[in-house]
Amino acid sequence: MSVLVYTESEGGKFKKIAHEVVAYGHGIAEMMGTTVTAIAINGGDASELGTYGASKVLEVKNGDLEKFSAEGYADVVAQAAKAEGSSVVILTSSANSKFMAPLVAINLEAGYVPNVTQLPESTSPLKVKHNVFTNKAFSVTEFMTEVKVIGLGKNTYGVKENPTSATAESFSPSVDTGGVKILSVDKATDKVTIADAEIVVSGGRGLKGPENWGMIEDLAETLGAAIACSKPVSDMGWRPHSEHVGQTGKPVAANLYIAIGISGAIQHLAGINGSKVKVVINNDPEAPFFKAADYGIVGDAFEVVPQFTQKLKEFKAQNA
Amino acid sequence: MKILVCISHVPDTTSKINFTDGDTKFDTNGVQFVINPNDEFGLTRAMWFKEKQGASVHVATVGGPETEPTLRKALAIGADEAIRVNTPATDGYSVAKQLAGVVKDGGYDLVIGGRESIDYNGGMVPGMMAKLIGANFINTCIGLEIEGNQATVVREIDGGKENLEASLPLVIGGQKGLVQESDLRIPNMRGIMQARSKPLHVIEPVDVAAETQAIRFEKPAPRGTVKLVDNVDDLINLLHNEAKVI
Ligand SMILES: Cc1cc2nc3c(=O)[nH]c(=O)nc-3n(C[C@H](O)[C@H](O)[C@H](O)COP(=O)(O)OP(=O)(O)OC[C@H]3O[C@@H](n4cnc5c(N)ncnc54)[C@H](O)[C@@H]3O)c2cc1C
Ligand SMILES: Nc1ncnc2c1ncn2[C@@H]1O[C@H](COP(=O)(O)O)[C@@H](O)[C@H]1O
Chain A
1 MSVLVYTESE GGKFKKIAHE VVAYGHGIAE MMGTTVTAIA INGGDASELG TYGASKVLEV
61 KNGDLEKFSA EGYADVVAQA AKAEGSSVVI LTSSANSKFM APLVAINLEA GYVPNVTQLP
121 ESTSPLKVKH NVFTNKAFSV TEFMTEVKVI GLGKNTYGVK ENPTSATAES FSPSVDTGGV
181 KILSVDKATD KVTIADAEIV VSGGRGLKGP ENWGMIEDLA ETLGAAIACS KPVSDMGWRP
241 HSEHVGQTGK PVAANLYIAI GISGAIQHLA GINGSKVKVV INNDPEAPFF KAADYGIVGD
301 AFEVVPQFTQ KLKEFKAQNA
Chain B
1 MKILVCISHV PDTTSKINFT DGDTKFDTNG VQFVINPNDE FGLTRAMWFK EKQGASVHVA
61 TVGGPETEPT LRKALAIGAD EAIRVNTPAT DGYSVAKQLA GVVKDGGYDL VIGGRESIDY
121 NGGMVPGMMA KLIGANFINT CIGLEIEGNQ ATVVREIDGG KENLEASLPL VIGGQKGLVQ
181 ESDLRIPNMR GIMQARSKPL HVIEPVDVAA ETQAIRFEKP APRGTVKLVD NVDDLINLLH
241 NEAKVI
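Chains as they are written, first to last, in the working numbering: chain A, 1 to 320; chain B, 1 to 246.
Errors might be hidden in some of the hints.
To be verified - Derived Cβ-Cβ restraints for the label pairs, each shown as a range:
{"#": "1", "chain 1": "B", "residue 1": "G64", "chain 2": "A", "residue 2": "G33", "range": "38 to 46 Å"}
{"#": "2", "chain 1": "A", "residue 1": "E314", "chain 2": "B", "residue 2": "E242", "range": "16 to 24 Å"}
{"#": "3", "chain 1": "B", "residue 1": "D12", "chain 2": "A", "residue 2": "N283", "range": "24 to 32 Å"}
{"#": "4", "chain 1": "A", "residue 1": "E286", "chain 2": "B", "residue 2": "P199", "range": "47 to 55 Å"}
{"#": "5", "chain 1": "A", "residue 1": "N62", "chain 2": "B", "residue 2": "R196", "range": "50 to 58 Å"}
{"#": "6", "chain 1": "A", "residue 1": "E286", "chain 2": "B", "residue 2": "Q150", "range": "47 to 55 Å"}
{"#": "7", "chain 1": "B", "residue 1": "T20", "chain 2": "A", "residue 2": "E221", "range": "44 to 52 Å"}
{"#": "8", "chain 1": "A", "residue 1": "L119", "chain 2": "B", "residue 2": "K52", "range": "46 to 54 Å"}
{"#": "9", "chain 1": "B", "residue 1": "T20", "chain 2": "A", "residue 2": "L119", "range": "27 to 35 Å"}
{"#": "10", "chain 1": "A", "residue 1": "G12", "chain 2": "B", "residue 2": "E51", "range": "21 to 29 Å"}
{"#": "11", "chain 1": "A", "residue 1": "N62", "chain 2": "B", "residue 2": "K25", "range": "45 to 53 Å"}
{"#": "12", "chain 1": "A", "residue 1": "L119", "chain 2": "B", "residue 2": "D234", "range": "29 to 37 Å"}
No wet-lab data here; the hints were simulated from the structure. Idealized CB from N, CA, C, for every residue including glycine.
Using the sequences provided together with the hints, build the complete structure.
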């Protein structure tokens, strides 16, 4: 009956996208006249999910699920959906959610629509709007299955509070993590990732060379932002491939995207259109990026960026 | 080792996206179609297995006759045989179901798909297919080695990477990193000539009901014009008071 949301956590703490997906689930549950149940695998404090609208939290504590396993996690979510009789199951757009969602869908004989951007147009039949053509268009898609799996696009619905008292219930599914084994994980834990970041500072070929990234790093640090780059920058090895954003790189759905020395080619814009506010710093007033941005400064990055960082530090000190 | 590379036939990355028939159909007018970039990285990695480990490489697509030039391009790059399942690609599930049939019939050890197609961005076909045939599945692969029956895989995760191991049969969702941009191959004249005589099998689809249906497309609302400022103080002020993002 209830709407089931999969809430991601890391190191026993819920991620911000877990809050957003619960809030979104609450929105759908209201439209359907039902409640939200969250499934939390080795997650955080259940009452925290109540803040955003979960009435029940199914808590799974299991050592075999310590590391992420798409197969294992998908199976647990499917078992929870069956136990709850949920006809709507909601995941996010994180790499792990996108990995497991198709498996959940097959398991539940459910249709799956990813990159959903807002509450459904209708719930019976269920029609959702989602990004297609790498953010160049939307599709309104109708589910024709009994059970439906929705992937919520990051930062599309927002984190909204719907204070509810959440009851925690322990859930003990059968666990089978399948044939894929994790040997090791390399992950910088001290850096904000592009996927999690609220603010992303991105540099392009206009920065001339890798030695000039110091000022980008300073700006990013001042803003608590993640660092990204255009494709040529990663192709030339100035920055790691993991920072390449765009149609063939990572998508960026941040609150604020600051593009420095990036021309704004269609393939670049496709990947960052999911961001709310875009700022461009470019010395060419004709750069196409200005047509896609909210705010811009026509100027030399080597002058503007250090000033920007300096003034931001002063601003932060005043508003602290 | 038998490898199948699943190829999605997609509009070139520079395409303008428009719709026809009352915004219910993608307008292919003047659109150039290409091998989905994620699939091209996978295909190029498959060429390495062919050349270094003697693998045979087939490519498959689910689509109408208009997708054949894309398959021929894959043959020109070096695939041995192509398969086209003769039905329009509707939803991700039905495509996965068609491909699952191809994989079962062909007895492939390794199936390489892309992390997502750049048209419908479903990111679902390889995962669904793997689950349907009961094979191991790893997504967002940026490194792949095969030794006997065992695959070692590097997967990109948010903020880093993961090293994994799985036995064949395996389905992967690949992307850049499987090979580098500079490894991609532009078909040469000899490849193009050979591709003409390589087998392109057209097979009839299995019966399957779509699970989702696109009923209408929309384009993003045109945006307001950019606000240009000439100093960083004004910018900080706008970001704080107007956009409320800092
Ligand atoms: C199949 C395909 C896929 C692609 N996918 C992607 C993708 O995913 N992501 C992506 O980013 N690109 C992608 N591209 C590449 C894309 O077409 C552009 O080539 C690329 O985005 C340009 O990068 P850039 O803006 O950093 O460099 P350029 O286009 O060289 O622009 C540099 C900019 O810096 C400005 N500049 C120069 N000096 C200064 C200065 N001192 N201060 C301020 N500004 C300065 C210039 O005015 C210019 O606008 C793809 C291309 C193809 C063909
Ligand atoms: N019509 C199709 N024919 C063959 N393979 C496809 C088709 N559609 C998608 N795929 C494969 O599935 C991957 C992911 O596609 P999607 O789920 O549509 O994002 C693509 O990169 C292809 O490898």
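Quick rundown of the hints versus the structure:
A C-beta distance of roughly 43 Å is found between G64(B) and G33(A), which places it inside the suggested range of 38 to 46 Å. For the pair E314(A) and E242(B), the supplied restraint of 16 to 24 Å holds, since their beta-carbon distance comes to about 19 Å. One distance hint, 24 to 32 Å for the beta-carbon pair D12(B) and N283(A), holds here, with the actual separation near 30 Å. At roughly 50 Å, the beta carbons of E286(A) and P199(B) sit within the given window of 47 to 55 Å.
N62(A) and R196(B) have their C-beta atoms about 56 Å apart, which keeps the hinted 50 to 58 Å range intact. Between E286(A) and Q150(B) the beta carbon distance is about 54 Å. The supplied range of 47 to 55 Å therefore holds. Taking the beta carbon of each, T20(B) and E221(A) are about 48 Å apart, inside 44 to 52 Å as hinted. Separation of L119(A) from K52(B) is about 51 Å and conforms to the stated range, judged on CB atoms against 46 to 54 Å.
Between T20(B) and L119(A), the C-beta spacing of about 28 Å keeps the proposed range 27 to 35 Å intact. Checking the proposed 21 to 29 Å range against G12(A) and E51(B) shows it is violated: the Cβ atoms sit about 47 Å from each other. Here the CB-CB span from N62(A) to K25(B) is close to 47 Å, well matched to the stated 45 to 53 Å. The hint said 29 to 37 Å for the Cβ distance between L119(A) and D234(B), and at roughly 36 Å that hint holds.
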